[in-house]
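First to last, the protein sequences are chains D and G. If you count the first sequence from 1, position 88 lands on 88 in full-length UniProt numbering, and the numbers rise without skipping. If you count the second sequence from 1, position 93 lands on 93 in full-length UniProt numbering, and the numbers rise without skipping.
Each hint should be verified, as a subset may be incorrect.
Each pair may be met inside one copy or between any two copies, as identical chains are not told apart.
To be verified - Straight-line Cα separation of at most 27 Å, DSS-like style, residue types lysine-lysine; simulated pairs:
#1 LYS8 to LYS164
#2 LYS170 to LYS98
#3 LYS214 to LYS245
#4 LYS43 to LYS178
#5 LYS122 to LYS8
#6 LYS62 to LYS117
#7 LYS43 to LYS170
#8 LYS81 to LYS117
#9 LYS170 to LYS36
#10 LYS62 to LYS214
#11 LYS81 to LYS234
#12 LYS98 to LYS178
#13 LYS8 to LYS43
#14 LYS80 to LYS117
#15 LYS43 to LYS245
#16 LYS36 to LYS164
#17 LYS164 to LYS81
#18 LYS80 to LYS170
#19 LYS81 to LYS48
#20 LYS122 to LYS36
#21 LYS234 to LYS48
#22 LYS117 to LYS48
#23 LYS98 to LYS164
#24 LYS214 to LYS81
#25 LYS40 to LYS214
None of these hints come from the bench; they were simulated from the model.
There are 2 protein chains.
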Amino acid sequence: MAELQRYKAVISYDGSAFSGFQIQPNGRTIQAELEKALAKMHKSEIVKIVGSGRTDAGVHAKGQVIHFDSPLQISVEQWKKGLNALLSHELVIMNLEKVASNFHARFDATEKTYVYKVYTQKTRDPFRYHYATHYPFSLNLDQIELAANYLVGTHDFTSFCSAKAEVLNKVRTVREIKLENMRDELIFTITGSGFLHNMVRIIVGTLLEVGSGKRNASDILGILQGCDRQLAGKTAPPQGLYLWKVEYNG
Amino acid sequence: MAELQRYKAVISYDGSAFSGFQIQPNGRTIQAELEKALAKMHKSEIVKIVGSGRTDAGVHAKGQVIHFDSPLQISVEQWKKGLNALLSHELVIMNLEKVASNFHARFDATEKTYVYKVYTQKTRDPFRYHYATHYPFSLNLDQIELAANYLVGTHDFTSFCSAKAEVLNKVRTVREIKLENMRDELIFTITGSGFLHNMVRIIVGTLLEVGSGKRNASDILGILQGCDRQLAGKTAPPQGLYLWKVEYNG
Numbered sequence: 001m002a003e004l005q006r007y008k009a010v011i012s013y014d015g016s017a018f019s020g021f022q023i024q025p026n027g028r029t030i031q032a033e034l035e036k037a038l039a040k041m042h043k044s045e046i047v048k049i050v051g052s053g054r055t056d057a058g059v060h061a062k063g064q065v066i067h068f069d070s071p072l073q074i075s076v077e078q079w080k081k082g083l084n085a086l087l088s089h090e091l092v093i094m095n096l097e098k099v100a101s102n103f104h105a106r107f108d109a110t111e112k113t114y115v116y117k118v119y120t121q122k123t124r125d126p127f128r129y130h131y132a133t134h135y136p137f138s139l140n141l142d143q144i145e146l147a148a149n150y151l152v153g154t155h156d157f158t159s160f161c162s163a164k165a166e167v168l169n170k171v172r173t174v175r176e177i178k179l180e181n182m183r184d185e186l187i188f189t190i191t192g193s194g195f196l197h198n199m200v201r202i203i204v205g206t207l208l209e210v211g212s213g214k215r216n217a218s219d220i221l222g223i224l225q226g227c228d229r230q231l232a233g234k235t236a237p238p239q240g241l242y243l244w245k246v247e248y249n250g
Numbered sequence: 001m002a003e004l005q006r007y008k009a010v011i012s013y014d015g016s017a018f019s020g021f022q023i024q025p026n027g028r029t030i031q032a033e034l035e036k037a038l039a040k041m042h043k044s045e046i047v048k049i050v051g052s053g054r055t056d057a058g059v060h061a062k063g064q065v066i067h068f069d070s071p072l073q074i075s076v077e078q079w080k081k082g083l084n085a086l087l088s089h090e091l092v093i094m095n096l097e098k099v100a101s102n103f104h105a106r107f108d109a110t111e112k113t114y115v116y117k118v119y120t121q122k123t124r125d126p127f128r129y130h131y132a133t134h135y136p137f138s139l140n141l142d143q144i145e146l147a148a149n150y151l152v153g154t155h156d157f158t159s160f161c162s163a164k165a166e167v168l169n170k171v172r173t174v175r176e177i178k179l180e181n182m183r184d185e186l187i188f189t190i191t192g193s194g195f196l197h198n199m200v201r202i203i204v205g206t207l208l209e210v211g212s213g214k215r216n217a218s219d220i221l222g223i224l225q226g227c228d229r230q231l232a233g234k235t236a237p238p239q240g241l242y243l244w245k246v247e248y249n250g
């Protein structure tokens, strides 16, 4: 049997076409489409992929990272071309490279960046329904930035984690929350060492409540300290969220 | 019975969510969604709408125009709000106004503008799949402009019309074909008094063949004169096409 080579691929997908990343009995998933394409290239042999993490239904990715192992002796250009020809239009391999056999897309990730897009114009835009969240209220950006500053750093993010999450340690480090205002679009860019389930969406949902005056920026302190999901704001919808970039050492 | 008032509405829709404008037995259509919303506002009475023209499955609209009649005594603001609350996310009423009872969205249209978007980067972009056509070839824009100039004016456009079309008179006037190059996107803006079925998509498909060197710009003359659909290029896909604006006198 030929030796296995590990590959790392950066993939991009329009999440509105999928029921999320992870394989499930019903619905199209990113993992299933990738593994189906890989099986076609391996004469129906099952080739498993490992992602840097899951994304929920409707959540997009500009730079999700996966790894897989294969005995096929083909160039990275042939890999990219071959897989892209088999994948559907809403999913694409952006980049592919050979990596050491101990590289791990999830365990070796050192930092992730998410982007969340919100638009505030009064009339909803049918072309943005799947790609940004409509929040037609006037927002105080200074207050949002003030609140965001309380979240940056190493904290117990229990209040900003889906109550269903089963992970025990909910301490995470948020390195930066950047806010940009481009025409009528407000873009949150959130970078950190790791994120809990729904953490970015609950952070954005809470910051929007601060921006529209429903909460004070300084409330964030008490929300963090309370360690209770009920204290934070609503979970912002999935369609505004993009897994933007995953960083690895070296 | 209350007197009927005629209304003109400008609507916008993401065509990727629909099987086209016109009602049909299977599949979501724009007409069906609008008439369902109107029926809800009229205690299940059927209220028919008339559009400026049909759009095919996957074709978008930024400024499609419709008209309908109603006995309801509500303000145009209430109309807009009421209908938008009942319509799905991919379809929106942008503007609504009272018009004379003899206004007709189709017969009174004096000019229409279509936009067609093409992107040329090598790797396909999953976020543009439904919204622009991927044509990863280098294009000679000067040749496209030269070819476009042959199409401007009043001509028999039989060669640029779906062979299935049942209309007899295929003479139409194209007032302008504008070409813009924005980053990696090529945008065709085509304005004319009226368009035959698939006319814009066949024009764009043929111009792309000129741009990539498969045809000469001057071939357009012979294609027009031949009056034969077989002479023109491929029909460009629907997802790059937008019905942009419909003009009326006065």
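Cross-check of the supplied hints:
When the C-alpha separation of LYS8 and LYS164 is checked against a cutoff of 27 Å, the pair qualifies neither within a copy, at 31 Å, nor between copies, at 49 Å. Taking the shortest alpha-carbon separations for LYS170 and LYS98, neither the intra-copy value of 33 Å nor the inter-copy value of 58 Å comes in at or below 27 Å. Taking the closest pair of Cα atoms, LYS214 and LYS245 never come within 27 Å of each other, the shortest separation being 32 Å inside a single copy and 40 Å across copies. For the homomeric pair LYS43 and LYS178, neither the shortest alpha-carbon distance inside one copy (46 Å) nor that between copies (49 Å) is at most 27 Å.
In the homo-oligomer, the alpha carbons of LYS122 and LYS8 lie at most 27 Å apart only across protomers (21 Å), although the nearest pairing inside one protomer, at 43 Å, exceeds that limit. Taking CA atoms no more than 27 Å apart as the test, LYS62 paired with LYS117 passes in both settings, with 13 Å inside one copy and 21 Å between copies. Taking the shortest Cα distances, LYS43 and LYS170 never come within 27 Å of each other, neither inside one copy (43 Å) nor across copies (52 Å). With identical chains, the CA atoms of LYS81 and LYS117 are at most 27 Å apart between copies only, with a shortest distance of 24 Å across copies and 31 Å within one.
When the C-alpha separation of LYS170 and LYS36 is checked against a cutoff of 27 Å, the pair qualifies neither within a copy, at 34 Å, nor between copies, at 48 Å. For the homomeric pair LYS62 and LYS214, neither the shortest alpha-carbon distance inside one copy (32 Å) nor that between copies (34 Å) is at most 27 Å. For a Cα distance limit of 27 Å, the shortest separation of LYS81 from LYS234 across copies, 25 Å, qualifies, whereas the shortest one inside one copy, 42 Å, does not. Taking the shortest Cα distances, LYS98 and LYS178 never come within 27 Å of each other, neither inside one copy (33 Å) nor across copies (46 Å).
In this assembly of identical chains, LYS8 and LYS43 lie within 27 Å of each other by CA distance solely inside one copy; the values are 21 Å within and 58 Å between copies. Taking identical chains as interchangeable, the C-alpha atoms of LYS80 and LYS117 lie at most 27 Å apart only when they sit on different chains, with a minimum of 26 Å there against 29 Å within one chain. Proximity of LYS43 to LYS245 under the C-alpha cut-off of 27 Å is found in neither arrangement, the shortest distances being 32 Å within a copy and 51 Å between copies. Taking the shortest alpha-carbon separations for LYS36 and LYS164, neither the intra-copy value of 30 Å nor the inter-copy value of 38 Å comes in at or below 27 Å.
Taking the shortest alpha-carbon separations for LYS164 and LYS81, neither the intra-copy value of 39 Å nor the inter-copy value of 37 Å comes in at or below 27 Å. When the C-alpha separation of LYS80 and LYS170 is checked against a cutoff of 27 Å, the pair qualifies neither within a copy, at 37 Å, nor between copies, at 46 Å. In this assembly of identical chains, the alpha carbons of LYS81 and LYS48 lie at most 27 Å apart only when taken from the same copy (19 Å versus 49 Å across copies). Within a single copy, LYS122 and LYS36 get their C-alpha atoms only as close as 43 Å, which misses the 27 Å cut-off; across copies the closest is 24 Å, which meets it.
Taking the shortest Cα distances, LYS234 and LYS48 never come within 27 Å of each other, neither inside one copy (35 Å) nor across copies (40 Å). Neither within a single protomer nor between protomers do LYS117 and LYS48 lie at most 27 Å apart by alpha-carbon distance, with minima of 32 Å and 37 Å respectively. Neither within a single protomer nor between protomers do LYS98 and LYS164 lie at most 27 Å apart by alpha-carbon distance, with minima of 37 Å and 52 Å respectively. Only between protomers do LYS214 and LYS81 lie at most 27 Å apart by alpha-carbon distance; the minimum there is 24 Å, versus 50 Å within a single protomer.
In the homo-oligomer, the alpha carbons of LYS40 and LYS214 never lie at most 27 Å apart, since the shortest distance is 53 Å inside one protomer and 34 Å across protomers.
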